[in-house]
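Student: Read off the chains here:
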Amino acid sequence: MKNNRIPFLYMACLLVVGVLMAAVPASDNSGYQVGDTARDFKLKNVDGKMISMADYKDAKGFIVTFTCNTCPYSVAYEDRIINLHNKYAPKGYPVIAINPNDVKASPKDSYKHMQVRAKEKKFPFPYVYDETQEITKAYGATRTPHLYVVQKQKDGSFKVAYIGTIDDNSREPEKVQKKYAEAALDELVAGKAVSQPNTKAIGCTIKWREA
Amino acid sequence: MTVYLKQLILLLATGLLTCTAAQAQTVPTIKFDQLQELRQAPHDTLYVVNFWATWCKPCIKEMPYFEAANAKYKDQPVRVILVSMDAVQDKEKRVLPFVQKRKLQSRLYLLDEPDGNTWIDRIEPKWSGAIPATMFFNNKRGQYEFIEREISEKELQELITKYKP
Numbered sequence: 001m002k003n004n005r006i007p008f009l010y011m012a013c014l015l016v017v018g019v020l021m022a023a024v025p026a027s028d029n030s031g032y033q034v035g036d037t038a039r040d041f042k043l044k045n046v047d048g049k050m051i052s053m054a055d056y057k058d059a060k061g062f063i064v065t066f067t068c069n070t071c072p073y074s075v076a077y078e079d080r081i082i083n084l085h086n087k088y089a090p091k092g093y094p095v096i097a098i099n100p101n102d103v104k105a106s107p108k109d110s111y112k113h114m115q116v117r118a119k120e121k122k123f124p125f126p127y128v129y130d131e132t133q134e135i136t137k138a139y140g141a142t143r144t145p146h147l148y149v150v151q152k153q154k155d156g157s158f159k160v161a162y163i164g165t166i167d168d169n170s171r172e173p174e175k176v177q178k179k180y181a182e183a184a185l186d187e188l189v190a191g192k193a194v195s196q197p198n199t200k201a202i203g204c205t206i207k208w209r210e211a
Numbered sequence: 001m002t003v004y005l006k007q008l009i010l011l012l013a014t015g016l017l018t019c020t021a022a023q024a025q026t027v028p029t030i031k032f033d034q035l036q037e038l039r040q041a042p043h044d045t046l047y048v049v050n051f052w053a054t055w056c057k058p059c060i061k062e063m064p065y066f067e068a069a070n071a072k073y074k075d076q077p078v079r080v081i082l083v084s085m086d087a088v089q090d091k092e093k094r095v096l097p098f099v100q101k102r103k104l105q106s107r108l109y110l111l112d113e114p115d116g117n118t119w120i121d122r123i124e125p126k127w128s129g130a131i132p133a134t135m136f137f138n139n140k141r142g143q144y145e146f147i148e149r150e151i152s153e154k155e156l157q158e159l160i161t162k163y164k165p
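Listed in order, the protein sequences are those of chains A and B.
Counted from 1, the first sequence has number 205 at position 205 by this note's numbering; the numbering is strictly sequential.
Counted from 1, the second sequence has number 164 at position 164 by this note's numbering; the numbering is strictly sequential.
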């Protein structure tokens, strides 16, 4: 009897440790990797309507773009994000732009300012606000702009096919040599595997809500 | 032979840059290889390398902490180095005026590598590319720490105290 207790205690301890570990907040490297299933969302667009990926019956996937009003890199890429949408929405991959920044940490990223910017730039895609930052955390976005290309699967779920940047030169669009996102999208549209599914670029940190 | 020559020239060049920096603050433009060389510096010195840009608000907010540390540990084996991620085209118009206005004293470089995808993983695979980001290392002692976010004055102080030889 006495001997039996030790393994029980040991298992109980393991269980407690396990529960504690599961309760520890997500680490820096959390979020989606290429190949993971991305969750859908329901976020408010600048026109007041709620947007979900499930609303787009005919889409083959999405260019989910974490971007904002204030980051100079995001601003530098605005026209190129519009071009991406105009080129790939007809091929089944529209852009959904998500502003992840907390309004207290970055007042000019408020919903009102988003509306103004979307109007000024005549965004042809939804520009939604992740006010709670729940989606940004789930995806694991860390900077703006930060792209996640997801591909719709037969069962209606969305598989992450590309994570990264738009191209190799934020400052001078005319000097761009490598269009990383377009290369990935071209391969997806052609039914091929993405040959360079992860790319990196310097960008602004996401402005997190203070706990 | 050529390798030694190259190293000698680089050494001389670095020495020259350091001398000029002492007189009037300059911002040498460097490429990835020079950043890599800095990262591999073999000395028993704590290097605090902060990646920033003039357009990056949180970077500018934390910059006084790095400047204060630079002044505080001037006579100790601690080197504070600020590496600007600004585009090289903005050096004259934005970076130099910023440096002069703030009278920055830490050693400064501007990394001229527009395509982050070619070098970010090579210097730190954990880095997603967001700035500010800061590296602490002493290669002689095999110490290394990387932080991809804004740092507080207290945290910076604690890390320097922890690793300072």
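A couple of the hints might just be wrong.
Pairs of lysine-lysine, PhoX-like flavour, derived with a Cα cap of 25 Å [to be verified]:
#: 1; chain 1: A; residue 1: K179; chain 2: B; residue 2: K61
#: 2; chain 1: A; residue 1: K108; chain 2: B; residue 2: K57
#: 3; chain 1: A; residue 1: K104; chain 2: B; residue 2: K31
#: 4; chain 1: A; residue 1: K179; chain 2: B; residue 2: K126
#: 5; chain 1: B; residue 1: K164; chain 2: A; residue 2: K178
Here are the in silico distance ranges between beta carbons for each label pair [stated by the list, open to error]:
#: 6; chain 1: A; residue 1: K104; chain 2: B; residue 2: K126; range: 37 to 43 Å
#: 7; chain 1: B; residue 1: F32; chain 2: A; residue 2: E210; range: 16 to 22 Å
#: 8; chain 1: A; residue 1: S157; chain 2: B; residue 2: R149; range: 40 to 46 Å
#: 9; chain 1: B; residue 1: P165; chain 2: A; residue 2: Y111; range: 47 to 53 Å
#: 10; chain 1: A; residue 1: K42; chain 2: B; residue 2: R39; range: 40 to 46 Å
#: 11; chain 1: A; residue 1: K179; chain 2: B; residue 2: P165; range: 30 to 36 Å
#: 12; chain 1: B; residue 1: I60; chain 2: A; residue 2: Q33; range: 50 to 56 Å
#: 13; chain 1: B; residue 1: R141; chain 2: A; residue 2: K42; range: 49 to 55 Å
#: 14; chain 1: B; residue 1: Q100; chain 2: A; residue 2: A105; range: 27 to 33 Å
#: 15; chain 1: B; residue 1: P165; chain 2: A; residue 2: P107; range: 39 to 45 Å
#: 16; chain 1: A; residue 1: D58; chain 2: B; residue 2: A68; range: 32 to 38 Å
#: 17; chain 1: B; residue 1: A68; chain 2: A; residue 2: Q196; range: 24 to 30 Å
Since the hints were made in silico from the structure, they are not lab data.
Note that the Cβ used here is the ideal one computed from N, Cα and C, for glycine as well.
Student: Return holds or violated for the Cβ distance of B/I60 and A/Q33 against the range 50 to 56 Å.
Tutor: About 33 Å separates the Cβ atoms of B/I60 and A/Q33, which means 50 to 56 Å is violated.
Student: So the hint says 32 to 38 Å: do the beta-carbon atoms of A/D58 and B/A68 match that?
Tutor: 57 Å, violated
Student: Assuming the hint says 37 to 43 Å, is it satisfied by the Cβ distance from A/K104 to B/K126 or not?
Tutor: 28 Å, violated
Student: Starting from the range 16 to 22 Å, see whether the pair B/F32 and A/E210 falls in it by beta-carbon distance.
Tutor: 35 Å, violated
Student: Does the beta carbon distance between A/S157 and B/R149 stay inside 40 to 46 Å, or does it fall outside?
Tutor: 32 Å, violated
Student: Between the beta carbons of B/Q100 and A/A105, is the distance compatible with 27 to 33 Å?
Tutor: 29 Å, holds
Student: Mind checking the alpha carbons of A/K179 and B/K61 for me, to see if they're no more than 25 Å apart?
Tutor: With a Cα-Cα distance of about 33 Å, the restraint between A/K179 and B/K61 is violated, given a limit of 25 Å.
Student: Given a hint of 24 to 30 Å, does the C-beta separation of B/A68 and A/Q196 actually sit inside it?
Tutor: 42 Å, violated
Student: Measure nothing beyond the straight line between the CA atoms of A/K179 and B/K126; if it is 25 Å or shorter, mark the hint as holding.
Tutor: 23 Å, holds
Student: Between B/R141 and A/K42, does the C-beta distance stay in 49 to 55 Å?
Tutor: 51 Å, holds
Student: Does 40 to 46 Å hold as the CB distance between A/K42 and B/R39, or does it fail?
Tutor: 44 Å, holds
Student: Could you tell me whether the CB distance from A/K179 to B/P165 stays inside 30 to 36 Å?
Tutor: 46 Å, violated
When the structure is compared with the earlier hints, violations turn up for hints 1, 3, 5, 6, 7, 8, 11, 12, 16, 17 and for no others.
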